[in-house]
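Below, each chain spelled out in residue letters.
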Amino acid sequence: MTNKEIIRNERVNEQYVRLKHPSGCTVCLCPMEGFSSAYALFGAKYGSVDDTFKTKADADFVTVPSGIAHYLEHKLFENEDCDAFRLYAKTGAGANAYTSFDKTAYLFSCSQKFAENLEILLKFVQEPYFTDATVQKERGIISQEIKMYDDEPGWRVFFNSLEAVYYNNPVKINIAGTVESIAKIDKDLLYRCYNSFYNLNNMVLSIAGNFDADEALEICDRLLKPSPDLGLSTVIPEEPRGVKEKMVREKLPGGVPLFQIAFKFPNGHAAVRENYVHYNALLETALGKGSKFYLDAYESGLINETFGVSVFSGRGFFLCVADGETREPERVFEAVKSEIKRLKKAGLPEDDFNGIKKKTYGELIGSFASAKAVASNMMDAEFENTDMFSDIETAAGVTLDDITAKLAEFDEENSCISIVES
Amino acid sequence: MKTLNFLGLNRKEIASGIYFSKITDARFKHNRVSFCLLTRLDENAASANAVVPKILTNSCRDYPDLRALNKRLSSLYAARLSESVGNLGDTQYIDISIKTADDRYALEGESILSEGIDILAGCLLEPLTENGAFKESVTENEKRSQIDQIEAELNEKRVYVIKRTLELLCAGEPAAVPPNGTVEGVKKVTPLTAFAAYKKLLESARIEIICVGCNDFSVAETTLTRAVSRLKRNNTEDCVSKPGALKPETLYREEKMNVNQSKMALGFKAAGDDVDALAVMTKIYGGSATSKLFENVREKMSLCYYCLAKFDANKRIMLAECGVESGDIEKARKEILAQLDLMKTGGFTDEEMSHAGLSLQNDLKTVGDSLSGMAKWYLGHIYMRDVVTPEQAIARYLAVTRERIIKAAESVSLDTVYVLTERDTDRKGRRK
Chain A
2 MTNKEIIRNE
12 RVNEQYVRLK
22 HPSGCTVCLC
32 PMEGFSSAYA
42 LFGAKYGSVD
52 DTFKTKADAD
62 FVTVPSGIAH
72 YLEHKLFENE
82 DCDAFRLYAK
92 TGAGANAYTS
102 FDKTAYLFSC
112 SQKFAENLEI
122 LLKFVQEPYF
132 TDATVQKERG
142 IISQEIKMYD
152 DEPGWRVFFN
162 SLEAVYYNNP
172 VKINIAGTVE
182 SIAKIDKDLL
192 YRCYNSFYNL
202 NNMVLSIAGN
212 FDADEALEIC
222 DRLLKPSPDL
232 GLSTVIPEEP
242 RGVKEKMVRE
252 KLPGGVPLFQ
262 IAFKFPNGHA
272 AVRENYVHYN
282 ALLETALGKG
292 SKFYLDAYES
302 GLINETFGVS
312 VFSGRGFFLC
322 VADGETREPE
332 RVFEAVKSEI
342 KRLKKAGLPE
352 DDFNGIKKKT
362 YGELIGSFAS
372 AKAVASNMMD
382 AEFENTDMFS
392 DIETAAGVTL
402 DDITAKLAEF
412 DEENSCISIV
422 ES
Chain B
7 MKTLNFLGLN
17 RKEIASGIYF
27 SKITDARFKH
37 NRVSFCLLTR
47 LDENAASANA
57 VVPKILTNSC
67 RDYPDLRALN
77 KRLSSLYAAR
87 LSESVGNLGD
97 TQYIDISIKT
107 ADDRYALEGE
117 SILSEGIDIL
127 AGCLLEPLTE
137 NGAFKESVTE
147 NEKRSQIDQI
157 EAELNEKRVY
167 VIKRTLELLC
177 AGEPAAVPPN
187 GTVEGVKKVT
197 PLTAFAAYKK
207 LLESARIEII
217 CVGCNDFSVA
227 ETTLTRAVSR
237 LKRNNTEDCV
247 SKPGALKPET
257 LYREEKMNVN
267 QSKMALGFKA
277 AGDDVDALAV
287 MTKIYGGSAT
297 SKLFENVREK
307 MSLCYYCLAK
317 FDANKRIMLA
327 ECGVESGDIE
337 KARKEILAQL
347 DLMKTGGFTD
357 EEMSHAGLSL
367 QNDLKTVGDS
377 LSGMAKWYLG
387 HIYMRDVVTP
397 EQAIARYLAV
407 TRERIIKAAE
417 SVSLDTVYVL
427 TERDTDRKGR
437 RK
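Keeping their order, the protein sequence lines are chains A and B. In my numbering, each residue's number is its place in the first sequence (first place is 1) plus 1. In my numbering, each residue's number is its place in the second sequence (first place is 1) plus 6.
The set of hints was computed from the structure by calculation and includes no laboratory data. C-beta: ideal position from N, C-alpha, C; glycine also. Hints are supplied without guarantee of correctness; some may be wrong.
Simulated restraints on C-beta separations [stated by the list, open to error]: (1) 216/A x 18/B: 41 to 49 Å; (2) 244/B x 307/A: 30 to 38 Å; (3) 256/B x 224/A: 49 to 57 Å.
When the alpha-carbon atoms are kept at most 16 Å apart in a straight line, the in silico EDC-like pairs for lysine to aspartate or glutamate are as follows [to be verified]: (4) 252/A x 428/B; (5) 91/A x 162/B; (6) 141/B x 300/A; (7) 35/B x 34/A; (8) 293/A x 71/B; (9) 35/B x 364/A; (10) 91/A x 357/B; (11) 306/B x 84/A; (12) 290/A x 71/B; (13) 148/A x 162/B; (14) 114/A x 369/B; (15) 35/B x 300/A; (16) 91/A x 356/B; (17) 252/A x 162/B; (18) 148/A x 334/B; (19) 138/A x 301/B; (20) 148/A x 428/B.
Interface residues of chain B toward chain A, partial, derived using beta-carbon atoms under 8 Å [what the hints assert, rightly or not]: (21) 109; (22) 117; (23) 147; (24) 150.
Let the sequences and hints guide you as you build the complete structure.
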């Protein structure tokens, strides 16, 4: 293979192999000495946000019902003669799949019979088989999955905040769709989406842990079917700068009310990878568990230990988030915004930042600790056109000036709060 | 001092009823030291015991408030000081642990693990006190935090349903006492009663210190042995679980709530003591994506997204649970029981047995790939006085015969059915 590339990082003393397979598929391999299990992911750059797309053979863009990427994930496990779970049962591997906003991945984890498991994975994902009856049968199962999430305040508070932030961005639509939208999905639509997105040029195979790289490549050569590049393009609609609503509430049975505060940033922020690390460091320094804000809010009873800050970003969306439980959500919202305002004037405490820098770096070391984490990180990095080590390098080099510059851009008023209470 | 060297696990008693166990494995990049207090679940003590680890991880003499402590942990490369409370059968465990990155990753040559252990020991043994009790402000904050945590159990309906079912299934036994305490119980806790609970735990709880990671933990052993040598130990607890008696008649309980999806849990008790066969039986019945419950209740009948069964060897109970449309509850219940009847009458194939064996094998072989997986495995088995490696457990499962599985299934009886279902009222006004 001429395009085999070794990606190495001296700081953490780790490396992996990346190559563009002749089939079109990108393959990332990281054998890890001493581990007893291997973890493999076969993923498509296809998630719930990709509901409007075209290939070069299509005259115009088509918009499909929401929840179709997830429906497809469920259905792909069933082939013409057998379902993939039954095949994995013969090897003992643990198998699963997930659909997120911007990707779908099929996975297995195994401690034996690696080659057989990889063959099962590559075969079933490349052999779709949908009939009217099997598509219909899945509807009941997915409806129950949707209803299960509808009862979870943590899930609702999250999606309600996305609906409040965005006017048009499809990230605001539930990944599994709605009971109504999935009723419109049929086998022809599933085939159309499959043929557009499950093209190997749009896919990554990522394997880490206890396995033999040469054996994996031999199986790839044998089973990955060469795919012509279809010239796939997707559309993330134009999004106004401001948030759609400042506050949304829902009533659901539960404990202490949940809140999620979301600060809206231009979609383009997601394309600059270092933003992820820089904004995380900023949020932790300003509002995280070692901050003055956290101590005051915790000791006064405004927040409890569930309070946390994070960056929510992916293909075409970027938000800074503060969430948790509180009995006074409006007060938390005001307190968070005024702390950001205060810090803009007073400056970020350097001592706190130095601690957060080590914390961010320390947490990222954890991302190389398991086969599952490594396989996921290699795949995610590939979909974001970077490599697995870029975040830890950014974290090791971040300066107070970097995050102070991000703070200056922070528009704390371009935000909303979502509340779920009983 | 007694020492046990067992396939990588080195275990010794370092003081009366205090055991130090370590597993060193070079492939890890982190180290985790867990200090676990074990005591019999008691409704009069559980609430105070549950607040104690929250108070201890809030601050200590060296780090007198949450900010000082959290800043220190951040600068120690995201060292994670955590507390958890739960149960192992009839026993409440109160765990305080620290997880640190290995020293080789220090940017400025710090000894991350030994500094982390100093923090752990400081929090455990040098809490902030005033007038012979915990500080009032800290106690009140952490009581509030514990109450929030108990109330938040309702946020995850599945967790809530399991909790309610176990309370009913094990009624009258210690295992029915919620390990996190109750809202009423926590409200009654005072700085003095929390401090008394803390003192009592240090005096008489069984203590299991479990270290897992790439370090050899010699510094951890020296530091913690020295630290616990100051404790006065009396009447140390043994902590065992006993299976409870089957109710004379199956208990049915329904609770109504404003939910989209109903949830049902069926609690069974096993009269037999062949726990290996019971575990294999549960795996075939409802423990994988090719189990009887998954294939029939989910795939064939499309009734559920999840339908599965789990076995708890400590109490010899099996729990089958599912999320289902309210109109389909009865259909699902009948099918879940019909599938168990098949297990009792030998209605499972050799292939299903072999699949279960392979799946258990895969589950157990991956235990050793994570710090928390290893720590949890050994704590559970030390507790059951059945210290085996995952490999030895696999060999025992693979030796289970069809006859033993049938016998195990026959010994299982339905004790409790709990259903959380939607209110009959409409759901208008959900959204303001």
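Holds or violated: are the alpha carbons of residue 148/A and residue 334/B at most 16 Å from each other? holds, 14 Å
Just to be careful, I want the Cα atoms of residue 306/B and residue 84/A compared with a cutoff of 16 Å; is the pair within it? holds, 13 Å
Within a Cα-Cα threshold of 16 Å, do residue 35/B and residue 300/A meet the stated pairing? violated, 35 Å
Keeping to a limit of 16 Å between CA atoms, is the pair of residue 138/A and residue 301/B held or broken? holds, 13 Å
For a C-alpha distance cap of 16 Å, please report whether residue 35/B and residue 364/A respect it. holds, 11 Å
The hint says 30 to 38 Å between residue 244/B and residue 307/A; measuring C-beta to C-beta, is that right? holds, 36 Å
Does residue 117/B hold up as a contact with chain A if the rule is Cβ-Cβ below 8 Å? violated, 14 Å
With the threshold set at 16 Å, check whether the alpha-carbon distance from residue 290/A to residue 71/B stays at or below it. holds, 11 Å
Under 8 Å, Cβ to Cβ, is where residue 150/B needs to be relative to chain A, so tell me if that hint holds or is violated. holds, 6 Å
Under the criterion that the straight-line Cα-Cα distance not exceed 16 Å, is the pair residue 114/A, residue 369/B satisfied? Holds, at about 14 Å.
Quickly compare the C-alpha distance for residue 91/A and residue 162/B to 16 Å and report which way the hint goes. Violated, because 34 Å separates the two Cα atoms, which is more than 16 Å.
Sort out whether residue 162/B lies within 16 Å of residue 148/A, counting only the CA atoms. Given that 16 Å is the threshold and the Cα spacing comes to 13 Å, the pair holds.
Hint compliance for this structure: hints 5, 15, 21, 22 are not met, and every other hint is.
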